[in-house]
Each structure stands twice: as C-alpha cells, then as structure tokens.
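In UniProt numbering, the protein residues as written are 1 to 522.
It is possible that part of the hints are untrue.
[Unchecked claim] Computed Cβ-Cβ distance ranges for the label pairs, DEER-style:
{"hint": "1", "residue 1": "389", "residue 2": "150", "range": "44 to 50 Å"}
{"hint": "2", "residue 1": "251", "residue 2": "197", "range": "24 to 30 Å"}
{"hint": "3", "residue 1": "226", "residue 2": "195", "range": "43 to 49 Å"}
{"hint": "4", "residue 1": "357", "residue 2": "489", "range": "27 to 33 Å"}
These aren't lab readings, by the way, just hints derived from the structure by calculation. Fair warning: this is a prediction, and the values are worked out from it, not measured in the lab. All C-beta atoms, glycine included, are put in the ideal place defined by N, C-alpha and C.
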Amino acid sequence: MSSITSRVSSRSSHELTEKKSGVTNDFKNSFEVGEVKRLPDAEGTADAVAQELLADDDFTYTAKEARRVLWKIDLVMMPVMCITYMIQYLDKTALSYAALYGMKTDTHIDGHTYSSMTTLFYAGYLVAQYPAAILMQKCRLSYFIFCNVFLWSAMVCLMAACRNGPSLLGLRFLAGIFEASITPAFINITAMWYRREEQPMRTLCWYAFNGIAQIIGSILSYGLGHIHGKVASWRYVFIVIGLMSLGWGVVFVFIPSNPSKARFLSSREKRIALERVRDNRTGLENKQFKWKHAYEAFLDPQVIMITLFTGVCMITNGIGVFSTLIIKGLGYNELHSAVLNMPLGAIEVAAMFISGVLCKVFKNGRLLIGVFMNCLTLAGCLMIWKIPDSNPYGRLVGVWFTMWVPASSALLLSLISSNVAGYTKKTVTSATVFVFYSVGNIVSPQLFKSGQTPEYIEGIQAMIVSLCIIIAIAFVLTGYYIYENKRRDRLLAEDPSLGESIKNEEFMDLTDRQQPKFRYRW
C-alpha cells in the first residue's frame with residue numbers, strides 16, 4: 001500500500017538563521033514575502049504539544065489511515081459545529097417568529113422599535129468582536145465557546161419575561177455580544193482540523209445549518225402558535241429555543257481545542273491529523289498575540305476586499321428578519337406564513353450543497369461559484385420588485401430565491417480559513433470581517449421600514465444594489481489572488497533560495513505574507 005511521508009527539509013536551521021528575503025524591492029509599501037529573517041525564532045511560538053508530536057522526521061502513514069482520521073474528525077467536530085450553528089441561528093431569528101404571535105402588541109412596540117432590535121443585536125455583535133478575538137486567543141477555545149453559548153441562551157430565555165420594548169432591546173444587545181465569537185471561532189476550528197481543499201465543503205456544511213434552522217424554526221413556530229393558554233405563544237418561542245441552546249452548550253466542555261489535544265485520537269492519529277494539515281501552512285492555536293501580525297491583517301488587500309464584501313453582502317440579510325412579514329403581506333395568515341417560510345431554509349441548504357459539490361470538482365473557483373449564487377438571488381429580488389400584486393405566488397417564489405446568497409457568504413468565509421495564515425492574523429481578520437458584518441446587519445433592517453409594508457420595495461432595491469457591488473468585488477478579488485500567485489511563482493523562479501525550508505516551518509505561526517511558498521485558493 002502506498003504511504004505518505006512527512007516532508008521535512010534536511011537543511012540545518014543554522015544555515016537559514018540569517019536568510020534574507022531577496023524581494024524587498026518588490027514590496028514598496030507592503031509586507032515582504034519571506035520577510036522572516038530568523039525562522040528558528042518562530043519555532044518556540046508553535047504549539048508545544050504539536051512540536052513534540054512532530055519530532056520524528058521519519059514518520060509515515062498510509063492513505064487509508066488518513067481517511068480514517070478524517071472520518072473520526074468529521075464524526076466528532078462536524079456535528080458539534082453544525083448543531084451549534086443551527087441553534088445560534090434559531091436564537092438570532094426567534095424574534096421574527098415571536099413577532100407573528102403578538103409580541104409587538106403585548107410589549108407595545110412599533111415597527112421602528114422592532115427594526116431597532118435587530119440593529120441593537122448587531123451593535124452588540126460589533127462592539128464584542130475585538131475583545132472576543134483577544135479572549136479567543138488567550139483562553140481555551142472550547143471553554144470560551146461554552147461560556148458564550150450559555151450566556152446568549154440565558155438572554156434568549158429572559159426575553160420571554162419581557163413586558164416592554166426597552167427590556168427586549170437590552171437583552172438583544174447582550175445576546176449580540178455573546179453570539180459575536182461563534183463564527184470566527186468556527187473559522188479557526190475549520191482551519192486547524194481540515195486541509196484547504198476540504199475546508200469549503202465543511203464551511204458550507206456548518207453554514208448550511210442556518211437553513212436547517214429556518215426549517216426547524218418554522219415547524220417549532222407553527223407548533224407553538226397552536227398553544228393557547230395563560231402564557232402567550234410568543235413567549236414559548238423564546239423559552240423553548242433558549243432552553244434548547246442552554247442544554248446543548250455543555251457539549252463544548254468536552255471538545256478539544258486543536259488536533260494535538262484530541263482525546264478521541266491516539267498519539268499516532270494525532271500525528272497524522274497534524275501531517276494532514278501541514279501543507280495548509282496556516283499553523284495551529286497560538287496563545288501569543290502578535291501585534292505585527294495584527295497590523296499586517298489591516299493592510300492586507302485580500303482582507304480589505306473580504307471585509308468590504310462581507311459588509312455589503314450583509315445588507316441582503318434584512319430579508320431573513322422580514323421574510324415572514326413579507327409573506328404575511330402577500331395575503332397569508334400567521335400560521336401559513338410560518339410554514340411558507342420553510343422553503344427559504346430548504347433553498348439555503350440546497351445552495352450550500354450545490355456549492356460544495358462544485359468546490360469538490362474545481363480546485364479553484366469558490367468566488368465564481370459565489371457569483372453564480374448571487375445572480376440567482378438577484379433574480380429573486382427582481383421577481384419581488386417587478387411581479388405585480390395580482391401574482392402573489394410569483395412574488396412568493398421570489399422571496400424563496402433570495403436564499404441563494406448565504407452560500408456566497410460561506411464560500412467567502414472559507415477563504416479566511418484557507419488564505420489567511422498565522423493565528424493572530426486569522427483571529428484579527430475574522431474580527432475585522434465581522435465588525436463589517438455587524439455594520440451591514442445594522443444598516444439592513446433600517447432599509448426595511450414599516451411604511452413600506454407589505455412589499456418592502458426600497459429594502460429589496462437596496463439588496464439589488466448590494467448584490468451588484470459584491471459581484472464586482474468577487475471578480476476583483478479573484479484577479480488579485482491569480483496575480484499574487486503568479487508573482488510568487490516568478491519570484492521563486494528568479495531566486496530559488498526563497499523556497500528553502502526548515503523543519504516544521506508550516507507550524508511556526510507564520511503569516512501568508514511571510515511564506516514565499518504559500519499559494520492562495522480562490
């Protein structure tokens with residue numbers, strides 16, 4: 001049976017101690033490729049347990065063993081991420097289900113206050129990003145996630161006791177703070193456990209559970225809407241969803257922070273898990289916050305474009321909050337609106353599946369696949385806008401079609417896992433991206449104003465403009481990645497010494513701009 005051998009350079013680290021870049025002149029106002037001049041200095045920053053596991057230079061393993069390790073990782077990590085992502089989406093959107101069953105009347109809130117609840121949620125999301133990024137790096141990742149799941153679940157449960165708008169607004173703000181870290185944390189987890197070619201499918205998989213959450217949320221909402229007792233149905237929405245989240249959060253107490261600490265893997269399997277991700281060149285966990293790496297994140301062109309894409313794309317999220325109200329405005333009652341909201345989740349799941357299959361077929365092309373999904377969403381928006389009131393069924397299909405765009409967002413997040421190396425840089429990048437994610441989500445509900453009911457045409461028009469902008473950014477980012485890869489190929493051809501390696505440099509917490517051999521996926 002064929003075996004896979006660990007690729008370790010035999011070249012002494014002392015020979016590379018004073019290695020110079022040789023490409024200084026090619027980077028005038030940017031960071032240099034290969035700028036690290038003392039690679040051995042980085043060695044102590046890598047995960048100590050990982051370095052110990054990687055000590056054997058002659059380690060080999062079979063393809064069958066690698067598949068078994070991947071299967072075990074999938075069996076443990078994917079259900080945890082998928083279910084957690086589903087639950088956080090249910091918690092986030094419980095408000096839209098509660099609104100169907102009299103919450104606005106019972107708490108004496110108007111349309112503006114309802115929109116502000118979404119705005120305040122993402123305001124909390126925004127202010128928490130950078131503190132959460134630092135805490136995520138300093139603390140054990142699994143425990144950090146557990147604490148946040150517990151706290152946001154408690155906020156959701158407490159919403160059931162609210163009797164006025166200010167109390168709901170305050171709890172929504174706090175829930176946003178505690179939910180802020182979950183997606184950045186999952187980006188880091190995906191990067192540590194999976195090879196770059198495996199990351200799009202896994203990211204799409206756990207992101208797809210937003211769609212599953214919409215289906216389950218609609219079913220739960222429909223069932224809870226039939227409860228007629230002393231407690232209003234909308235209060236049961238918060239109680240049931242909040243308690244589900246509270247119970248699930250305990251799982252993270254038992255989840256390892258990275259492959260080198262996985263108790264469900266043997267010592268040999270841990271080494272295989274590390275060797276599998278060696279070629280990622282993105283490292284593992286690192287508890288040292290490196291300000292130079294953080295500074296690099298703010299100046300990196302790919303980070304700037306990913307950040308802008310995310311912020312603009314999130315303007316399309318308003319449809320998720322207002323979809324039940326738009327459907328109700330087409331002439332359906334509360335219960336039917338909840339049921340007719342289910343296909344949005346089904347289409348989102350289908351979009352993730354189709355995108356994942358296409359990513360398996362094409363090594364590169366994530367951004368172009370995202371463009372295709374955005375075009376389908378654009379078609380849905382045009383249907384809502386242009387189809388006349390006399391054809392509510394056509395408009396309903398248009399509402400459903402707006403759910404292709406989340407696949408584009410998920411594919412973009414997978415680029416952070418694949419293309420941003422260095423733990424500090426990845427963490428800061430995720431935080432920056434989700435600051436703009438929050439801004440987009442703060443702006444979005446303000447574009448769906450109560451005076452526009454039931455069609456919310458101005459909000460739909462804002463979505464159309466946003467989709468056109470992110471399609472343009474996707475093409476520019478694709479061009480940047482292709483250019484940068486070709487430039488690195490040329491520099492290595494001109495100066496082969498840039499390709500010299502030392503033992504385990506892939507786990508030395510170097511950024512992508514410090515590694516001449518790093519190539520971007522697009």
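We went through each hint and held it up to the structure:
The hinted window of 44 to 50 Å between residue 389 and residue 150 holds, with their beta carbons roughly 47 Å apart. Evaluation of the 24 to 30 Å hint for residue 251 and residue 197 yields a pass: the beta carbon distance comes to about 28 Å. In this structure, residue 226 and residue 195 meet the distance hint of 43 to 49 Å, their C-beta atoms being roughly 47 Å apart. Remark: the range hint 27 to 33 Å for residue 357 to residue 489 is upheld by a beta-carbon distance near 29 Å.
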